[in-house]
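Enquirer: What follows is the residue order along each chain.
Protein chains: 2
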Amino acid sequence: MAGILSGMRIVEGSAFVAAPLGGMTLAQLGADVIRFDPIGGGIDYRRWPLADSGDSLYWVGLNKGKRSIAIDVRSPEGRELATALITADGPQAGLFLTNFPGTGWLDYERLRAARADLIMLNVLGNHDGSSAVDYTVNCAVGFPAMTGRDGAAKPVNHVMPGWDVAAGLTACVGLLAAERHRRATGEGQLIRLPLSDVALAVVGALGMIAEVEVNGAPRPAYGNDLFGAFGRDFPTRDGRRVMVAAISPRQWQALVATTGMAEKFALVEKLYEVDLRQEGDRFTARDGIAAVLGPWIAARTLDEVRALFDAGDVLWGPYQDMAQLLSEDARASTANPLFGVVDQAGIGPYRVPRSTLDFAAVERLPALAAPALGQHTDEVLSGVLGLPDHAIGDLRQRRVVA
Amino acid sequence: MAGILSGMRIVEGSAFVAAPLGGMTLAQLGADVIRFDPIGGGIDYRRWPLADSGDSLYWVGLNKGKRSIAIDVRSPEGRELATALITADGPQAGLFLTNFPGTGWLDYERLRAARADLIMLNVLGNHDGSSAVDYTVNCAVGFPAMTGRDGAAKPVNHVMPGWDVAAGLTACVGLLAAERHRRATGEGQLIRLPLSDVALAVVGALGMIAEVEVNGAPRPAYGNDLFGAFGRDFPTRDGRRVMVAAISPRQWQALVATTGMAEKFALVEKLYEVDLRQEGDRFTARDGIAAVLGPWIAARTLDEVRALFDAGDVLWGPYQDMAQLLSEDARASTANPLFGVVDQAGIGPYRVPRSTLDFAAVERLPALAAPALGQHTDEVLSGVLGLPDHAIGDLRQRRVVA
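Chain order of the listed sequences is A and B. Each residue of the first sequence is one higher than the one before, starting from 1 at the first, in the numbering used here. Each residue of the second sequence is one higher than the one before, starting from 1 at the first, in the numbering used here.
No lab work stands behind these hints: they were computed from the structure. Check each hint, because a few of them may be wrong.
So the derived label-pair ranges between C-beta atoms look like this [said to hold, decoys possible]:
1. Leu271/B to Ser382/A: 47 to 53 Å
2. Asp275/B to Arg398/A: 28 to 34 Å
3. Ala262/B to Gly129/A: 26 to 32 Å
4. Trp105/A to Ala257/B: 22 to 28 Å
5. Pro76/A to Pro366/B: 40 to 46 Å
6. Trp105/A to Ser6/B: 31 to 37 Å
7. Ser382/A to Ala257/B: 43 to 49 Å
8. Pro220/A to Val341/B: 42 to 48 Å
9. Ala391/A to Pro366/B: 38 to 44 Å
Yeah, the Cβ is synthetic: ideal placement off N, Cα and C, and Gly gets one too.
Only chain A is shown next, with the shape it has when bound in the complex (with noise of 0.2 Å):
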């Protein structure tokens, strides 16, 4: 089955989240994707969560659908291996993702020596060549600081690695933005991705620098308010939880009219002095509005709530712990075409997603598994390579693949 970037390869060498993610999505679309690694894996190969086999459910997310070839690279010979595998030749390959530092072998203009018309993303930590991990770029950013719930203990980590995601898939527009460069002009050229960046270019793009900058009024925290329209979470009678949130003129008419609470809500705008109609105001009073519709969601339970704000075109969401998702949202269930079973040797069989984009003109390629650790050692080198059994054998006996 052909998918939107059949015949396109991309190798990638590379350990955790942003770099496996991108090669990930692109292979989802049908790119060959060749992750090279060291021989027993690289430093991301038994990453946390683990299965009872000791195979870890992080890598197998990351890394389905892709080619793997097992390399010494500490040894010159498999060195030259891997370099001989990312400079290879085919007018849709000479693509290579990589998270590590491009330098020594991996230097740029090195490689470049072997395929002028290389294409290589080089994501970084920070611009200037220096460490940096999610982790340690979220707690410079800011958000930390105004996340969690008044007057509770900050900072509070985001548990979603937002910028290695966001890192991860800008890589893939790099990357696919400068394969069209190429086939227009024949050039190729290193792409240097900072992580650091991403997560500053998003703080710019929600207009948090101006709010410091030209405001001079930093967000405080406002724990699980939507900030400057109305967005709350309330407890059902059941003792579960909803998020509601009314950021457009027909999305609080949805509330109000769902409710049948509008003279309360009159009388929150004469009481704050605000137009609810506004969502401006609806922040200001939000508190106000928090107090009618309180009491009528704590008398509902979730079921009662989810039919009728449903009914009513409500904006809202149940808060769902991971089990909860699993087992009561069809979303996260075969029942959405995004998810196919997937039978992961040594992990078994459990639901994976596809592809998040649906492309009319190409069916969406099946759930795909991600390869054992060497698993196309030989295919790849005979393959790509052009390397007889032989010469892959001799390879294989002195441990410089595997």
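The hints should help you fit chain B onto chain A, whose structure is shown.
Expert: For chain B alone, coordinates are given in the frame of chain A:
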């Protein structure tokens, strides 16, 4: 100055974060991104935070480098104009990015009647077409239950709209992949991208679905601790706070060597019966590690910690609120080539991020301002649709455009 995507034209019909961020990402790479909005602005045009002038810092942050045309799309004539814009000629045009419902006049098949090879990327809430926004997706996908300090009230919403950011970047991947496909085959297409699928795919990529489904062990909240290795936040002597992590063996060795606490860590190993060279063991014995590190950091100021940790290549970062980020961190200043200073009309000069991707083959475009609403109405009607001045004047007079 030419960006890597110069020549490509994208028409954007959008609001809020995901689709505008996607369009902006492409604009910052040199694409001609034309955003159309209702006369007077769309539903995100006054989104907080606001400048004293009433201009939205959020809106200008998410629309940098685009051209703006204001059209009354409630009128049949306005819809015709917008359709003509979306489907305008040009081998690198015919790309439409939207998070509006793809129904009515924005139905793909209807638009396609005017340009057979149209590429349209539709960011949806849920895959079934129902509504969802970052807030109502985030509560559903488990992270708020595991975010925040041990014992603190849950759930804790993230403040960074991570799903919107991921969806916006994925939209860029989708558009570039579809344009590549069109170059090869001549074929356009509709691409659907549901926001909640983006979140679920990340949950899956991080191994969190498998943690529940395979291991039957959803992850509890670990506060600011890094899961599966060592990472925690600590206060310094001068009342600041740092995040310290050791994921790789090298990072752990750096931490041990720099603090000079090898003997104490050996005692931790005996106490917990672990081998701290193993990342998982560092998680198991994290309280022991913290008992050694905590006093060492608490005895030093942030500057002292910084000097020692930087010299010793420790993986760490300071916590900074937004004001500290801008005043203390060179990465958030124009010393970092990411940033330029832009004088934004109605707002004033402030530092603005450029593209996070630095392509060697083209100069990085300067930091770009957002357009004023309708700033390019005449220019687009004339330059893209070829309308003569008198026709534009007539449209203006009848308030079809502004």
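Enquirer: Next, verify each hint and record whether it holds.
Expert: Here's how the hints hold up against the structure:
Between Leu271/B and Ser382/A, the C-beta spacing of about 52 Å keeps the proposed range 47 to 53 Å intact. The beta-carbon spacing between Asp275/B and Arg398/A, approximately 31 Å, falls within the hinted interval of 28 to 34 Å. In this structure the supplied range 26 to 32 Å holds for Ala262/B paired with Gly129/A, their Cβ-Cβ distance being about 29 Å. Distance hint check: the CB atoms of Trp105/A and Ala257/B are about 27 Å apart, consistent with the given range 22 to 28 Å.
In this structure the supplied range 40 to 46 Å holds for Pro76/A paired with Pro366/B, their Cβ-Cβ distance being about 44 Å. In this structure, Trp105/A and Ser6/B meet the distance hint of 31 to 37 Å, their C-beta atoms being roughly 34 Å apart. Checking the proposed 43 to 49 Å range against Ser382/A and Ala257/B shows it holds: the Cβ atoms sit about 44 Å from each other. Distance hint for Pro220/A and Val341/B: a CB-CB separation of about 26 Å, inconsistent with the stated range 42 to 48 Å.
In this structure, Ala391/A and Pro366/B break the distance hint of 38 to 44 Å, their C-beta atoms being roughly 51 Å apart.
In summary, the numbered hints that this structure violates are 8, 9.
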